[in-house]
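Undergrad: Please work from the sequences and hints to get the whole structure.
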Amino acid sequence: MSANFTPPVNEFRHEALLYAGMADFLAGTVPFVRGGVEAGEPVLVVESAAKIARLRAELGSDTGSVVFADMADVGANPARIIPAWRDFVNQHAGDGRRLRGIGEPIWNGRSPLELIECQRHESLLNTAFATGDPWWLLCPYDTAAMDPAVIDEARRSHPYVTDGTTFRRSNDYRGLDACSAPFDVPLPAPGVEVRELAFDVGHLGEVRGLVGRYAEEAGLPSLRIANLVVAVNEVATNSVVHGGGKGWFRIWRDAGALSCEVRDSGRIDKPLVDRELSAAEAYGSRGLWLANQLCDLVQIRSLPEGSAVRLHTWLKPAPAPAAAHHRGIDSIL
Amino acid sequence: MGAYGMDRYSVGGIGNIDLVPGTGGQIYADKQLVVLRTTSPDGLSFSGEIDASNSHAVGTAISSAQVSDRNIHIEVAGLLFCDISGIRAFVSAAEALPKGHRLLLHGLPAQLETVIEVVGWSRMPSLVICTCEGD
Numbered sequence: 001m002s003a004n005f006t007p008p009v010n011e012f013r014h015e016a017l018l019y020a021g022m023a024d025f026l027a028g029t030v031p032f033v034r035g036g037v038e039a040g041e042p043v044l045v046v047e048s049a050a051k052i053a054r055l056r057a058e059l060g061s062d063t064g065s066v067v068f069a070d071m072a073d074v075g076a077n078p079a080r081i082i083p084a085w086r087d088f089v090n091q092h093a094g095d096g097r098r099l100r101g102i103g104e105p106i107w108n109g110r111s112p113l114e115l116i117e118c119q120r121h122e123s124l125l126n127t128a129f130a131t132g133d134p135w136w137l138l139c140p141y142d143t144a145a146m147d148p149a150v151i152d153e154a155r156r157s158h159p160y161v162t163d164g165t166t167f168r169r170s171n172d173y174r175g176l177d178a179c180s181a182p183f184d185v186p187l188p189a190p191g192v193e194v195r196e197l198a199f200d201v202g203h204l205g206e207v208r209g210l211v212g213r214y215a216e217e218a219g220l221p222s223l224r225i226a227n228l229v230v231a232v233n234e235v236a237t238n239s240v241v242h243g244g245g246k247g248w249f250r251i252w253r254d255a256g257a258l259s260c261e262v263r264d265s266g267r268i269d270k271p272l273v274d275r276e277l278s279a280a281e282a283y284g285s286r287g288l289w290l291a292n293q294l295c296d297l298v299q300i301r302s303l304p305e306g307s308a309v310r311l312h313t314w315l316k317p318a319p320a321p322a323a324a325h326h327r328g329i330d331s332i333l
Numbered sequence: 334m335g336a337y338g339m340d341r342y343s344v345g346g347i348g349n350i351d352l353v354p355g356t357g358g359q360i361y362a363d364k365q366l367v368v369l370r371t372t373s374p375d376g377l378s379f380s381g382e383i384d385a386s387n388s389h390a391v392g393t394a395i396s397s398a399q400v401s402d403r404n405i406h407i408e409v410a411g412l413l414f415c416d417i418s419g420i421r422a423f424v425s426a427a428e429a430l431p432k433g434h435r436l437l438l439h440g441l442p443a444q445l446e447t448v449i450e451v452v453g454w455s456r457m458p459s460l461v462i463c464t465c466e467g468d
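Chains as they are written, first to last, in the numbering used here: chain A, 1 to 333; chain B, 334 to 468.
Do not rely on the hints blindly, as some may be mistaken.
Okay, the calculated beta carbon distance ranges per label pair [said to hold, decoys possible]: (1) A:GLY244 - B:ARG403: 42 to 50 Å; (2) A:THR131 - B:ARG403: 42 to 50 Å; (3) A:ALA181 - B:HIS389: 31 to 39 Å; (4) B:SER401 - A:GLY202: 47 to 55 Å; (5) B:HIS389 - A:GLY191: 37 to 45 Å; (6) A:GLU196 - B:CYS463: 54 to 62 Å; (7) A:ALA144 - B:SER425: 50 to 58 Å; (8) B:HIS389 - A:GLU58: 54 to 62 Å; (9) B:CYS463 - A:GLY35: 32 to 40 Å; (10) B:GLY392 - A:GLY245: 16 to 24 Å; (11) A:GLY202 - B:SER425: 36 to 44 Å; (12) A:GLY244 - B:THR371: 37 to 45 Å.
Residues on chain B that point at chain A, a partial pick, calculated with CB under 7 Å [unchecked claim]: (13) ALA385; (14) SER386; (15) ASP416; (16) ILE417; (17) LEU441; (18) GLN444; (19) VAL452.
In short, the hints are calculated from the structure, not lab data. For every residue, glycine included, the Cβ atom is placed at its ideal position computed from N, Cα and C.
TA: Structure follows, in structure tokens:
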């Protein structure tokens, strides 16, 4: 620990752990988990299945009170991670009890779209836990596997940074106000032909019809189609109710995803509007919350002319014909 | 267009609220929703689609149905789509009932159950989702 660093006591300690490779990862995380266990602190580790297996092996019998969760489940859509941490904090905090977590939302297999939203998630963690019970969240970043730009962004989204032995404040941290500011990173133009539709309250059924037809053509199973129709309808309804009474809908399908976009002239001011669900919340927030539960990735942007929400459903590649044929014969025999 | 569009339901006038309480017949109809009074069980049957354009009709239809039983049976198997405002309208109608009275939803599509769960309204004592046939 560097001589001039005083660890924060009564605030959310959101800290990036910069490591290179598995041995380095274990050297940085095992003492962190052990320290929590020895202090009687609840510990939640949200990591890949492979890293969880290695951590369990290293920790041995020390894992008694530690809870492990697979980031591929919890954080496939990164907007579901803050609610998971919120549940953990609500469940265990209070009476001055301290908590620890490890969360690695960014790994090498994240698509470019997912990466942007994961980075937004990292910034929003500061907003989400700026007030309330203090706790310590360690976010590992593999410097050996990641683009240097990803590590640079980790220094901007985390107020604290460590290599596992030296702890310090991040000089590059963008600060709470910037983390909470409206997100206006441009959305890429669709690479294929899109279908467009202007809508108001009387045309929500047409929007649903388009979504249903595209989803059927994409070969999605019926429950996923129904969920997507519900999600798009709620976001479009937000435009009708909160976004100036009308909106513009676009839908397109490329090799990897079925994507829908809703734009309107309204502003989305609450940075956590899609990741917090409270009984007192306004009608609109449930729609964006729902979209995050039902879609693989949701991108929300505040733009000069209004707001844009994109809802992506990943399309699994169809099995190779030869393999499918082979299985078919096997099942007949 | 299947179950996702609104053009399958062309019953009644467009956007007209057509309340005929207590007649045992049609209580409400617009271009995407029809509400009928049922007597066995005592309640209402909703068919079509509910969204922001017509969810106001849910509470109006239920309160005007004059069901005397403590349990109001709502058949929703014919509900092809219901948005959050529609679900909220059913929840509000259930909450507005006198103490001890309940709203029982029959034939709720599995997908709607998912939505009710996700938005956190699955533990309403006055709103009962019936899964058994004919209860």
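Undergrad: With reference to the structure, classify each hint as holding or not holding.
TA: How the hints compare with the structure:
The hint said 42 to 50 Å for the Cβ distance between GLY244 (chain A) and ARG403 (chain B), and at roughly 44 Å that hint holds. Taking 42 to 50 Å as the suggested C-beta distance range, the pair THR131 (chain A) and ARG403 (chain B) conforms, at roughly 46 Å. For ALA181 (chain A) and HIS389 (chain B), the Cβ-Cβ distance of about 37 Å falls inside the hinted range of 31 to 39 Å, so the restraint holds. At roughly 36 Å, the beta carbons of SER401 (chain B) and GLY202 (chain A) sit outside the given window of 47 to 55 Å.
Range check, HIS389 (chain B) to GLY191 (chain A): Cβ separation about 41 Å, and the 37 to 45 Å hint holds. For GLU196 (chain A) paired with CYS463 (chain B), a C-beta distance near 42 Å fails the hint of 54 to 62 Å. With their beta carbons about 55 Å apart, ALA144 (chain A) and SER425 (chain B) fall inside the hinted range of 50 to 58 Å. Taking the beta carbon of each, HIS389 (chain B) and GLU58 (chain A) are about 59 Å apart, inside 54 to 62 Å as hinted.
Distance hint check for CYS463 (chain B) and GLY35 (chain A): the Cβ-Cβ separation is about 51 Å, which falls outside the suggested range of 32 to 40 Å. A C-beta distance of roughly 23 Å is found between GLY392 (chain B) and GLY245 (chain A), which places it inside the suggested range of 16 to 24 Å. Range check, GLY202 (chain A) to SER425 (chain B): about 23 Å between beta-carbon atoms, so the 36 to 44 Å window is missed. Between GLY244 (chain A) and THR371 (chain B) the CB atoms are about 40 Å apart, so this pair conforms to the stated range of 37 to 45 Å.
Hint status for ALA385 (chain B): holds, given a least beta-carbon distance of 5 Å to chain A, under 7 Å. The beta carbon of SER386 (chain B) is positioned within 7 Å of a beta carbon in chain A (closest approach about 5 Å), and the interface hint is therefore held. Of the supplied interface hints, the one on ASP416 (chain B) holds, with its beta-carbon coming within about 5 Å of a beta-carbon of chain A, less than 7 Å. At about 6 Å, the closest approach between the beta carbon of ILE417 (chain B) and any beta carbon in chain A falls short of 7 Å, and the interface hint on this residue holds.
The beta carbon of LEU441 (chain B) comes no nearer than 13 Å to any beta carbon in chain A, farther than 7 Å, and the hint placing it at the interface is violated. Satisfaction of the interface hint for GLN444 (chain B) is found here, the shortest Cβ-Cβ separation to chain A being roughly 4 Å, below the 7 Å cut-off. Here the hint on VAL452 (chain B) is kept, as its CB sits about 5 Å from the closest CB of chain A, short of 7 Å.
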